[in-house]
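Peer 1: Protein chains in written order, with this note's numbering: chain A, 1 to 267; chain B, 268 to 534; chain C, 535 to 801.
Source of the hints: derived by calculation from the structure; they are not laboratory data.
One or more hints might be untrue.
[As the list claims (entries may be wrong)] With a Cα cut of at most 20 Å, we get these calculated SDA-like pairs of lysine to any residue: (1) Lys609(C) / Arg338(B); (2) Lys342(B) / Pro49(A); (3) Lys609(C) / Leu109(A); (4) Lys87(A) / Ala369(B); (5) Lys75(A) / Gly40(A).
From a predicted model like this one, the values you see are computed outputs, not experimental measurements.
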Amino acid sequence: MKAKEVIGLLEEVRKTRPLIHNITNTVVTNFTANGLLSMGASPVMANAPEEAAEMAKAANALVLNIGTLNREQVKAMRIAGKAANEKGIPVILDPVGAGATAYRTETALALLEELDVALIRANAGEMAALLGESGNVQGVDASGEADNPKLAKEAARRFEVIAAVTGVEDAVAHQGEVFIVQNGHTLLTKVTGTGCLLSSIAASFLTVQHSAGAVAAALAYYGAAAEIAGSLTTREGPGSFQIELLNALHATQEMDLRHYIRVKQES
Amino acid sequence: MKAKEVIGLLEEVRKTRPLIHNITNTVVTNFTANGLLSMGASPVMANAPEEAAEMAKAANALVLNIGTLNREQVKAMRIAGKAANEKGIPVILDPVGAGATAYRTETALALLEELDVALIRANAGEMAALLGESGNVQGVDASGEADNPKLAKEAARRFEVIAAVTGVEDAVAHQGEVFIVQNGHTLLTKVTGTGCLLSSIAASFLTVQHSAGAVAAALAYYGAAAEIAGSLTTREGPGSFQIELLNALHATQEMDLRHYIRVKQES
Amino acid sequence: MKAKEVIGLLEEVRKTRPLIHNITNTVVTNFTANGLLSMGASPVMANAPEEAAEMAKAANALVLNIGTLNREQVKAMRIAGKAANEKGIPVILDPVGAGATAYRTETALALLEELDVALIRANAGEMAALLGESGNVQGVDASGEADNPKLAKEAARRFEVIAAVTGVEDAVAHQGEVFIVQNGHTLLTKVTGTGCLLSSIAASFLTVQHSAGAVAAALAYYGAAAEIAGSLTTREGPGSFQIELLNALHATQEMDLRHYIRVKQES
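Throw the hints in and build the complete structure from the sequences for me.
Peer 2: In structure tokens form, the structure reads like this:
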């Protein structure tokens with residue numbers, strides 16, 4: 001994939017300013033909203049069953065993130081998900097901590113069963129848990145030397161979705177297509193919610209083009225922004241990196257991205 | 268309005284350190300608390316119906332923000348609001364996303380009906396929605412070229428409150444008085460919760476003086492801090508701006524503000 | 535206590551990367567998670583009664599923070615606390631705002647009654663409230679010239695816990711041992727959640743060694759990081775300090791700490 005394609009999709013996101021409805025965990029609401037604003041999308045959070053359907057119908061994409069799930073919120077996810085499916089906007093599932101508790105794994109699987117999900121964005125441990133494989137998740141962080149392309153392909157086939165497994169190298173799979181994204185920075189693992197924000201950014205790209213390529217472009221843009229942020233972070237400080245990442249998501253222009261994007265397509 | 272009056276009210280806030288009880292959305296809790304601390308007020312958050320009345324009675328002002336409302340929280344808002352009214356402390360309503368869903372619009376109107384609200388702080392789309400006018404709200408951001416003074420005057424009359432409509436130019440109306448505040452910075456629209464924090468800062472100023480002028484002073488102080496923050500933000504980074512805004516709310520001294528404050532009073 | 539001992543415990547935390555299960559308030563979730571990641575521990579948040587026990591059993595320590603408590607969350611605290619006790623991992627109580635409302639004081643006391651709590655970390659006003667003494671809490675901030683060692687000793691005896699009372703000088707008491715920690719920085723009072731994060735950091739140290747000394751070491755490390763952060767913060771900006779604190783928690787190396795640690799042991 002050429003940097004030009006990534007930039008084209010990003011520019012389209014910025015032009016259309018899609019409204020992203022996030023039903024997400026209480027740890028990352030602020031960072032997710034700020035990241036979406038920095039990129040140029042419009043965030044909205046709404047968790048009440050009373051308004052979940054109406055908000056989803058006003059939105060351009062819906063992100064369901066189970067990072068601090070509870071009964072009321074899962075109820076709202078179901079309602080919003082059905083409304084999103086009816087309207088035909090993409091539904092993104094971020095199964096945070098799947099495998100860590102049965103409640104998370106079962107809720108994620110139930111949502112996949114009931115809803116028409118466009119994209120699952122997860123780390124290797126979470127995706128393995130959804131696939132019923134040994135999902136040893138230490139906290140909510142990615143870990144280990146998993147085979148991301150294999151997991152992505154299997155999830156794409158099993159759940160009939162675009163599947164993105166992110167880690168040191170990200171893999172995006174859908175109907176035979178597989179993209180490998182080599183952008184990113186180790187400090188992403190030192191800031192909470194960087195995966196959650198990535199799911200919402202991928203949602204934004206999906207509003208422009210419904211394809212595995214658009215998700216790979218979102219991952220490459222985000223990883224490139226992280227690299228730019230990392231290069232501006234002195235003494236590897238996670239606090240500064242978090243701020244520079246928000247800056248980079250906003251500032252990234254065509255010139256910068258051309259030097260960074262590293263996406264391969266497998267056959 | 269002279270910079271001197273704004274500074275006098277700010278100094279009084281800092282001297283009295285009012286306790287601001289916020290029942291607010293999960294996106295902005297941290298930023299609101301940090302902004303109030305930076306200015307020199309004391310924040311407290313308490314959402315449980317079990318303690319809402321007691322906390323409101325211990326506070327100097329109560330802020331009700333419907334940004335991620337739910338049934339339990341609205342119940343707590345009612346209880347806290349009644350306690351605040353009994354004690355005679357100002358109740359501030361921030362109708363985040365009014366017009367975006369019926370649940371938000373109706374809840375905001377019900378709170379206005381049931382409680383004695385001192386101040387509504389909203390953007391043009393939200394205020395128009397409360398007034399039953401075409402409230403097209405894109406996400407929770409201000410937008411468009413609304414007639415803020417007209418909306419503020421109408422809301423002030425209709426709801427018998429001080430009404431503040433914020434945007435490129437802010438308008439504050441109350442019983443014939445109208446203030447126009449020309450302070451602010453475009454980066455405020457790139458950071459989530461800047462409007463929510465402003466509502467809590469206006470609440471702090473109301474604890475010192477119950478008037479439209481005090482609200483205009485709060486808006487001018489906040490807008491001036493944003494201008495100072497903007498001038499210290501390199502490459503227009505929204506991440507850095509957020510941090511510089513917290514710094515500026517704290518650092519703003521008499522000398523700085525004198526150069527910034529731009530408040531006009533209409534007859 | 536020698537800097538060497540503090541550094542030894544910190545290195546052990548970083549090596550073992552303990553999983554800290556936080557059931558905490560909505561204001562500080564993000565900052566707590568980022569602070570734990572910066573230090574080198576693994577944070578997880580899980581508030582639903584459905585998964586509280588399973589998550590606690592997967593964790594190395596459990597932190598219960600009542601800063602925005604509600605019925606469902608308190609239910610989850612009880613369930614998680616019992617599971618943590620069964621597994622034998624330390625349970626840390628942060629009684630945020632005890633004394634401010636009866637609901638908070640009573641909930642904190644009930645948790646102390648029902649659970650085997652390893653550590654209470656509180657400011658003087660909160661600890662006094664738990665002890666039934668005049669607990670005038672202005673917001674959720676520490677204040678006044680309380681006798682921290684006396685309060686810590688009394689709480690340690692009464693509740694049979696390690697008791698840490700933090701303020702200008704911190705006191706940690708347990709079974710006759712008393713440590714006084716003189717590290718810290720005034721800007722800690724200008725950023726929300728710095729006390730909450732400290733509780734979670736103390737929890738991490740307790741996973742390495744169950745002693746008052748380990749808690750004192752955690753407080754000294756945190757206070758030293760705050761001093762380093764303060765020295766890097768220009769113009770006393772609370773926004774910048776918050777970021778520098780996260781940086782310092784990560785960057786603090788043996789060399790730095792040696793110059794900072796100030797812990798005395800009373801007989």
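Peer 1: A separate judgement is required for each hint: does it hold in the structure or not?
Peer 2: Hints, verified against the model:
1. Lys609(C) / Arg338(B): holds (18 Å)
2. Lys342(B) / Pro49(A): Satisfied, since the Cα-Cα distance of roughly 16 Å is no more than 20 Å.
3. Lys609(C) / Leu109(A): violated (26 Å)
4. Lys87(A) / Ala369(B): holds (18 Å)
5. Lys75(A) / Gly40(A): Given pair Lys75(A), Gly40(A) is violated - Cα atoms ~30 Å apart, limit 20 Å.
Consistency note: the structure conflicts with the earlier hints numbered 3 and 5.
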